[in-house]
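Asker: Residue numbers (the numbering used here), protein chains in the order written: chain A, 14 to 407; chain B, 14 to 407; chain C, 14 to 407.
Hints listed in this document are in silico derivations from the structure and should not be mistaken for laboratory results.
A hint or two may mislead.
Identical copies go unnamed one by one, so any copy, or any two together, can satisfy a pair.
For lysine-lysine, the following BS3-like pairs were computed, each having C-alpha atoms within a straight-line distance of at most 30 angstroms [as the list claims (entries may be wrong)]:
1) Lys64 to Lys147
2) Lys186 to Lys323
3) Lys189 to Lys220
4) Lys254 to Lys189
5) Lys147 to Lys183
6) Lys189 to Lys147
7) Lys254 to Lys220
8) Lys323 to Lys231
9) Lys147 to Lys164
10) Lys83 to Lys164
11) Lys231 to Lys216
12) Lys216 to Lys254
13) Lys254 to Lys317
14) Lys131 to Lys94
15) Lys141 to Lys231
16) Lys323 to Lys220
17) Lys254 to Lys147
18) Lys164 to Lys183
19) Lys216 to Lys81
20) Lys323 to Lys373
21) Lys231 to Lys186
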Amino acid sequence: MAWWRIRHPLFLFDYTTVKYVVTQNRKVGLLYRIFQLTVMAYLIGWVFIEKKQYQAKDDTVESSVLTKFKGVASVNTTDFKIWGPEDYVYPKQGEDFLFIITNFIETPNQELGNCSEKSSIPDANCTKDEDCIKEEAVRAGNGIKTGLCLKTAGGSDGICEIKGWCPTEKHGKPDKATVLRQAENFTLYIRNFIRFSKFNFSKSNVKLNNSDDYLYLKSCLYDQIVHPYCPIFRLGDIVNKTGRNFQESAIMGGSFGIMIDWSCDLDKEDSHCNPHYSFISLGSNTTGFNFRIAEYSNDAEGKKQRTLYKVFGIHLQIIVFGTARKFNIINTIINIASVLTLMTAGSFLCDIILLYMMKKSTFYRDSKFERIAKNDKESPAKKMPEGPKRKFSL
Amino acid sequence: MAWWRIRHPLFLFDYTTVKYVVTQNRKVGLLYRIFQLTVMAYLIGWVFIEKKQYQAKDDTVESSVLTKFKGVASVNTTDFKIWGPEDYVYPKQGEDFLFIITNFIETPNQELGNCSEKSSIPDANCTKDEDCIKEEAVRAGNGIKTGLCLKTAGGSDGICEIKGWCPTEKHGKPDKATVLRQAENFTLYIRNFIRFSKFNFSKSNVKLNNSDDYLYLKSCLYDQIVHPYCPIFRLGDIVNKTGRNFQESAIMGGSFGIMIDWSCDLDKEDSHCNPHYSFISLGSNTTGFNFRIAEYSNDAEGKKQRTLYKVFGIHLQIIVFGTARKFNIINTIINIASVLTLMTAGSFLCDIILLYMMKKSTFYRDSKFERIAKNDKESPAKKMPEGPKRKFSL
Amino acid sequence: MAWWRIRHPLFLFDYTTVKYVVTQNRKVGLLYRIFQLTVMAYLIGWVFIEKKQYQAKDDTVESSVLTKFKGVASVNTTDFKIWGPEDYVYPKQGEDFLFIITNFIETPNQELGNCSEKSSIPDANCTKDEDCIKEEAVRAGNGIKTGLCLKTAGGSDGICEIKGWCPTEKHGKPDKATVLRQAENFTLYIRNFIRFSKFNFSKSNVKLNNSDDYLYLKSCLYDQIVHPYCPIFRLGDIVNKTGRNFQESAIMGGSFGIMIDWSCDLDKEDSHCNPHYSFISLGSNTTGFNFRIAEYSNDAEGKKQRTLYKVFGIHLQIIVFGTARKFNIINTIINIASVLTLMTAGSFLCDIILLYMMKKSTFYRDSKFERIAKNDKESPAKKMPEGPKRKFSL
Chain A
14 MAWWRIRHPL FLFDYTTVKY VVTQNRKVGL LYRIFQLTVM AYLIGWVFIE KKQYQAKDDT
74 VESSVLTKFK GVASVNTTDF KIWGPEDYVY PKQGEDFLFI ITNFIETPNQ ELGNCSEKSS
134 IPDANCTKDE DCIKEEAVRA GNGIKTGLCL KTAGGSDGIC EIKGWCPTEK HGKPDKATVL
194 RQAENFTLYI RNFIRFSKFN FSKSNVKLNN SDDYLYLKSC LYDQIVHPYC PIFRLGDIVN
254 KTGRNFQESA IMGGSFGIMI DWSCDLDKED SHCNPHYSFI SLGSNTTGFN FRIAEYSNDA
314 EGKKQRTLYK VFGIHLQIIV FGTARKFNII NTIINIASVL TLMTAGSFLC DIILLYMMKK
374 STFYRDSKFE RIAKNDKESP AKKMPEGPKR KFSL
Chain B
14 MAWWRIRHPL FLFDYTTVKY VVTQNRKVGL LYRIFQLTVM AYLIGWVFIE KKQYQAKDDT
74 VESSVLTKFK GVASVNTTDF KIWGPEDYVY PKQGEDFLFI ITNFIETPNQ ELGNCSEKSS
134 IPDANCTKDE DCIKEEAVRA GNGIKTGLCL KTAGGSDGIC EIKGWCPTEK HGKPDKATVL
194 RQAENFTLYI RNFIRFSKFN FSKSNVKLNN SDDYLYLKSC LYDQIVHPYC PIFRLGDIVN
254 KTGRNFQESA IMGGSFGIMI DWSCDLDKED SHCNPHYSFI SLGSNTTGFN FRIAEYSNDA
314 EGKKQRTLYK VFGIHLQIIV FGTARKFNII NTIINIASVL TLMTAGSFLC DIILLYMMKK
374 STFYRDSKFE RIAKNDKESP AKKMPEGPKR KFSL
Chain C
14 MAWWRIRHPL FLFDYTTVKY VVTQNRKVGL LYRIFQLTVM AYLIGWVFIE KKQYQAKDDT
74 VESSVLTKFK GVASVNTTDF KIWGPEDYVY PKQGEDFLFI ITNFIETPNQ ELGNCSEKSS
134 IPDANCTKDE DCIKEEAVRA GNGIKTGLCL KTAGGSDGIC EIKGWCPTEK HGKPDKATVL
194 RQAENFTLYI RNFIRFSKFN FSKSNVKLNN SDDYLYLKSC LYDQIVHPYC PIFRLGDIVN
254 KTGRNFQESA IMGGSFGIMI DWSCDLDKED SHCNPHYSFI SLGSNTTGFN FRIAEYSNDA
314 EGKKQRTLYK VFGIHLQIIV FGTARKFNII NTIINIASVL TLMTAGSFLC DIILLYMMKK
374 STFYRDSKFE RIAKNDKESP AKKMPEGPKR KFSL
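Throw the hints in and build the complete structure from the sequences for me.
Answerer: Structure representation (structure tokens):
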């Protein structure tokens, strides 16, 4: 390569260029041309057009998500109720993590006292009092062991007595009857603001430039084909789009993701940079999701009591990701350069063939490699016509 | 290029070097030198000094944010109150998502019963009972339809009756009178711990090495110039710095981002790696932010009742991002190599000029390209003085 | 380099190859071979085997985290209680941000009224009434100034009177006596679903294919050696693994990170892509963590009162990060190419030595550089046997 050649100042501006040997070997020549074309096609077709490697990319998107649920459902708790978002959504403030109660097991009027632990908890099983260490909490249980082992009538093994909220939570799986039927029609509004700090580019998924936009938001409902950019989603649709059945998921609960993908080519104008919504199930069919809430109150005599709800429901996680791309000179050069370097591999290959697989190989080798005998003094002169008054240069 | 040349073992240590033709063409020589300098300047100036491409970078920062609000405000609800952080901040536990109540619409003493839905809700409008399907929830509404259409006196169209919390929420926009005046002076303390796992580097935005640091934290308030590293922010300042007016935003609410940018050159020492705070509005001027909270209680006769608050306020999102850079040999080589390859493009250009645009081009071409005639036998010999006993090599 | 040579169509398939000069200088030859081997070793050993630069990587992992705490503790508040997750975990819904109450300062029976501000608050200190501006909130305080400065008996300076919840919160540090002793044995279950969108690869840290998996989950407890993939963690272990003492941290609270690292080589099969759990302290030993909760109620005469809890506890942040790698042709080429280019630097070095540091340098220079005198007409002919009827080519 020519880039590093230095000369002593006098000949700084002599131009030095590589010497080539031209062979009229059509076979190798053709082969080499084909190779050149292949590499060029790869560079232009794949690297540039397909993979857009001439662009720099930022795949760390800064994101802010606001969410809001709407809709009401009738709930048959001990005191029959109507639930709005203020009741069935956790947390209330509308983050990117959402839990919508769709079912529950209610255990009313628990009071502090002693009773037997749930039999389903391994740590609470016992055969004698010694198995229930006093003051020790039951692992994954509901109370502190009192030291007694409550035997079942005539049975040899029993369950530890605990100090805690009694009676303990009801057994068994959640009941289809308590499901919030109307939950399927709840609507979720998502406001997502994103920023690619590397390119100092920001955008929101909600367009609110004029009153028409407001009207649109009041009425629209997300649909992949008809309303791909409407940020309002029906809960039932979200679940069903993941291939799960809503009414089933509503019983035991489930975990689902709303993915917002921002793939933006910033060499085009902003209007081409839009969110793409997709939906996935964040767990196997078998896994539900639940947690517990307690409502405390005082009974007639002012004794503290509580109602415990084990709530099952839909966990929604709004997952925002994306990539912004913009032309970048460094990336362009790196990719061109590396592909060009590839070419040398080609000439290497062709040389091998030329110098070892052709019947005139010997002759070609002599031409390509000019040997200098160790003690040969004149040979260089032979090829340097200007004789003695010649000048040297590197 | 020289890197791949192989020989048969005997001559493994012969040194083979490219042969050059030296022309004394000053024009092309000068041109080439200029090109060389340009490329060098680009490599050193832009790629290395400006873009620091010799460093590997990690732009996925792991972050943990803790926040804490301080300050109280007087609130004129039905029972006049003083609100502290335990009342006006959601969620309580201090995440990177914060909502500070600055205004509200209170609807006291709601009880379960039947009443007419809010007239502003499209789905609730009706002209006859048939329009109000029994047991159906009003979309984006407050209750379950009872099947009755309540006509306005003498009017032809009316509003569906619903079963829900009655009376329904008060109409209209939030009132300036209810705004928490003192909210502007609330202070937010942010503790941000970050980690660049790729370089196994961690740092916090809060420095607590000695008692002085504690005293500083007790008294300081963030200011871009005076206290750029003080992690305590005045709510009013945050909003105003985004170009919005706090007192206006306080009425309808708004969404704002506190961006913490960590740009760390890990080739320098840690003390150079500091957070840079900036503030942006995460929505247009017109969009507010609100959600609803219900406070349940029992009235004199023990009948369940609730007070519904539609709360408006400032949503703060703490957005942490950053890039860590550190010297990396692979990146360095890739960048140098690609730029060097560029040079070849230069010699290509110069050759074109030399071989086709100079008046002595023909002569230069003959010198650069040594042609071998198809059936020429002696020619190689001519240039190989050691005659027959010559050795071959690739 | 050979890649850019063009000819006029007639000789499109002539093969042109670089001309070399072969010197029998063993020293330089050996030197060059050594250099070649070094570079090759670097390319294969470091770049490919060690750094796997032939793979493209995605280091922005999309993640969804669900958490659930289990365990109970006895708490000695004014009305002695048993606390379950529904009481001591914030927020309830199980996000990646968790706060577990381990201690608290209780201030019971606060009522709205006038009293003196806490003396520890700088802004509340005063010497005369004028220091306490009426209607102004105390910065970082508990109420609104009434305009009075309450002097301590005989003292010259005093504390502003405030309107707020009185009496104000108890002074001082949290007490070891109130710590939730059983907290150390609370267990945390983490469900983490991750996705590398670039490679469209998803996985969960919880395996639930068959009933055995369920049984395993019911009984296992994370242990680096025995159960590295069990997603259930003992709170005490988490804290202790970070090098902090749990019982100490429980008093003032602390902030800890559970880091889940997904490093996946997608060229291998999925079973090799597993989470790696590690634990760090997100703050210095001295910093605790706390926030306040208020429980409102009505006293006998129906006057609103509240119990204020300043809760201290363990903040857990689940931090998910990772990198997925997969073979990519572009990366491979870029890295090979750049290293090959390196070789030229080697031949440069060797040429310098050969042409300037050998005693026969002059002779080598003449061989490598074929000078063309400005006005020399015959010289090219000398080396072009086919004389006049020669053809030109570039």
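Asker: If a hint holds in the structure, say so; if it does not, say that too.
Answerer: Each hint, compared with the structure:
{"no.": "1", "hint": "Lys64 to Lys147", "verdict": "neither (67 angstroms within a copy, 56 angstroms between copies)"}
{"no.": "2", "hint": "Lys186 to Lys323", "verdict": "within (11 angstroms within a copy, 35 angstroms between copies)"}
{"no.": "3", "hint": "Lys189 to Lys220", "verdict": "between (40 angstroms within a copy, 27 angstroms between copies)"}
{"no.": "4", "hint": "Lys254 to Lys189", "verdict": "within (22 angstroms within a copy, 43 angstroms between copies)"}
{"no.": "5", "hint": "Lys147 to Lys183", "verdict": "within (24 angstroms within a copy, 33 angstroms between copies)"}
{"no.": "6", "hint": "Lys189 to Lys147", "verdict": "between (39 angstroms within a copy, 22 angstroms between copies)"}
{"no.": "7", "hint": "Lys254 to Lys220", "verdict": "both (25 angstroms within a copy, 24 angstroms between copies)"}
{"no.": "8", "hint": "Lys323 to Lys231", "verdict": "between (34 angstroms within a copy, 19 angstroms between copies)"}
{"no.": "9", "hint": "Lys147 to Lys164", "verdict": "within (17 angstroms within a copy, 52 angstroms between copies)"}
{"no.": "10", "hint": "Lys83 to Lys164", "verdict": "between (50 angstroms within a copy, 25 angstroms between copies)"}
{"no.": "11", "hint": "Lys231 to Lys216", "verdict": "within (21 angstroms within a copy, 37 angstroms between copies)"}
{"no.": "12", "hint": "Lys216 to Lys254", "verdict": "both (26 angstroms within a copy, 20 angstroms between copies)"}
{"no.": "13", "hint": "Lys254 to Lys317", "verdict": "neither (45 angstroms within a copy, 39 angstroms between copies)"}
{"no.": "14", "hint": "Lys131 to Lys94", "verdict": "both (29 angstroms within a copy, 19 angstroms between copies)"}
{"no.": "15", "hint": "Lys141 to Lys231", "verdict": "between (65 angstroms within a copy, 24 angstroms between copies)"}
{"no.": "16", "hint": "Lys323 to Lys220", "verdict": "between (39 angstroms within a copy, 24 angstroms between copies)"}
{"no.": "17", "hint": "Lys254 to Lys147", "verdict": "between (51 angstroms within a copy, 29 angstroms between copies)"}
{"no.": "18", "hint": "Lys164 to Lys183", "verdict": "within (20 angstroms within a copy, 47 angstroms between copies)"}
{"no.": "19", "hint": "Lys216 to Lys81", "verdict": "both (20 angstroms within a copy, 29 angstroms between copies)"}
{"no.": "20", "hint": "Lys323 to Lys373", "verdict": "neither (89 angstroms within a copy, 93 angstroms between copies)"}
{"no.": "21", "hint": "Lys231 to Lys186", "verdict": "between (39 angstroms within a copy, 17 angstroms between copies)"}
Of the numbered hints stated above, those contradicted by the structure are hints 1, 13, 20, listed in ascending order.
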